[in-house]
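Student: What follows is each chain in one-letter form.
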Amino acid sequence: MVAENFTVIAVALDENIAAVIPFADGITYPVLVDTEHQMSEIYAISNVPTVVWIDEDDRIVRPNAREPGSDMFTEFTGIKCEGHMEQVRSWIRGGVLPVDAAYEVEVLDEAEVAAHLHFRLAVHARRSGMDKATKRHFALAAESAPNDFTIVRGAMPLTEVDPFGPAFFELYGRFSEAGSPYHGIPRTSG
Amino acid sequence: MAAIPQPTTVLAENTTVPDVFWDAGRPIVDPSDLAAILGWELKPEGLCRGDSCVPILDWSSLEHPAGIDLTAVADTLGRPVVVDPDARMVAVGIPSSERHRAPLNRQAPDVRLLDLQGAQRGLSEWSGTRRLLVAFSTW
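So the protein lines, in turn, are chains A and B. First residue of the first sequence: 1, per the working numbering; consecutive thereafter. First residue of the second sequence: 191, per the working numbering; consecutive thereafter.
Calculated directly from the structure, the hints in this document are not laboratory data. We treat Cβ as the ideally placed atom computed from N, Cα and C, and that holds for glycine. Among these hints, one or two may not hold up.
Okay, the calculated bits of chain B under chain A, using three or more residues with CB under 8 Å as the criterion [unchecked claim]:
#1 267–275
#2 306–316
The following residues of chain A were derived to be distant from chain B, with all beta-carbon distances above 10 Å [unchecked claim]:
#3 G83
#4 A139
#5 S180
Some chain A residues well away from chain B (every beta-carbon gap over 12 Å; in silico) [claimed, not checked]:
#6 E82
#7 V99
#8 N147
#9 P166
#10 E170
#11 G173
#12 R174
#13 F175
#14 S176
#15 E177
#16 A178
#17 G179
#18 P181
#19 P186
#20 R187
Given the sequences, and given the hints that come with them, work out the whole structure.
Tutor: See below:
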């Protein structure tokens, strides 16, 4: 969806750019990669897909919400974009914001911040071939933020764990039991 | 106390590899390296970047016979820090005031990202345009 004075910017929370390239095939808007986990930290993004509406003056007019910007990932998320896209059109054409746009996102707590730092250390250790330090810091990151998918699931492909396998279901079970904690507008329906 | 300084990776805004004296888990750096590591310099009035200075309330927590304690510097700047003396690594996070800009103040901070060609990009390139920022992943 591209219109005048509007663009989608897709950002992959991934370490490996090559893995992202097939996902961007045929996409006309910018696709970028947050290899250092800096965007997820500064925007308090704890799961994907997360969508943020930003206006022309760099104001966040609707904060983190679990909505896809297109049906690009419906296959993975089971969430269709049409309801959200209609809201986006109302914003672009008439400046109309949905009621939930006023929602205040919870900031990352101290443990979640530490998790991001451990994650960065783990990614660096992995790049440097330091196996023990890689495992140690991914484990400490997951311990510090056990329900943050960008940390726990994001580490899976970097530690030879299948992100669609048993480890994912374990994470999903724990996350659900904890009340599906999310830094952003809670989803009421799929 | 380690007798010799060890090259240590410090992840902050940039990645640097200063020589660090590790003393009981404390990373001690040469004060002259601070500007390169964190962008702040040690001056008599405190920690300074350009014209702005953060006063140091307790110099004894920073000072060490071999230099300056990097974790104490991070504390003074309100920045979280994680150290790994065994792997000789330090990660210094952004100050909480910056982490609060998006969720509490509703300002969209610029972030350095890479494009699919590996080139440095920033969200601010699209300032002046309404944007739908979509965080996704391959996992």
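Student: Hint by hint, note whether the structure agrees.
Tutor: Quick rundown of the hints versus the structure:
1. 267–275: Our answer is that it holds, as 4 residues pass the Cβ test (under 8 Å) against chain A, meeting three.
2. 306–316: holds (count 6)
3. G83: A/G83 is indeed farther than 10 Å from all Cβ atoms of chain B, at 14 Å.
4. A139: holds, 13 Å
5. S180: Holds, because the least Cβ-Cβ distance between A/S180 and chain B comes to about 17 Å, which exceeds 10 Å.
6. E82: The claim stands: A/E82 keeps its Cβ more than 12 Å from every Cβ of chain B (closest is about 14 Å).
7. V99: It holds; A/V99 is separated from chain B by about 16 Å at its closest Cβ, greater than 12 Å.
8. N147: holds, 16 Å
9. P166: Per Cβ check, A/P166 is outside 12 Å of chain B; nearest 15 Å; holds.
10. E170: A/E170 is indeed farther than 12 Å from all Cβ atoms of chain B, at 15 Å.
11. G173: Answer for A/G173: holds, closest chain B Cβ roughly 17 Å.
12. R174: holds, 17 Å
13. F175: holds, 15 Å
14. S176: holds, 18 Å
15. E177: holds, 21 Å
16. A178: holds, 20 Å
17. G179: Since the minimum Cβ distance to chain B is about 19 Å, A/G179 lies beyond 12 Å and the statement holds.
18. P181: holds, 14 Å
19. P186: holds, 15 Å
20. R187: holds, 15 Å
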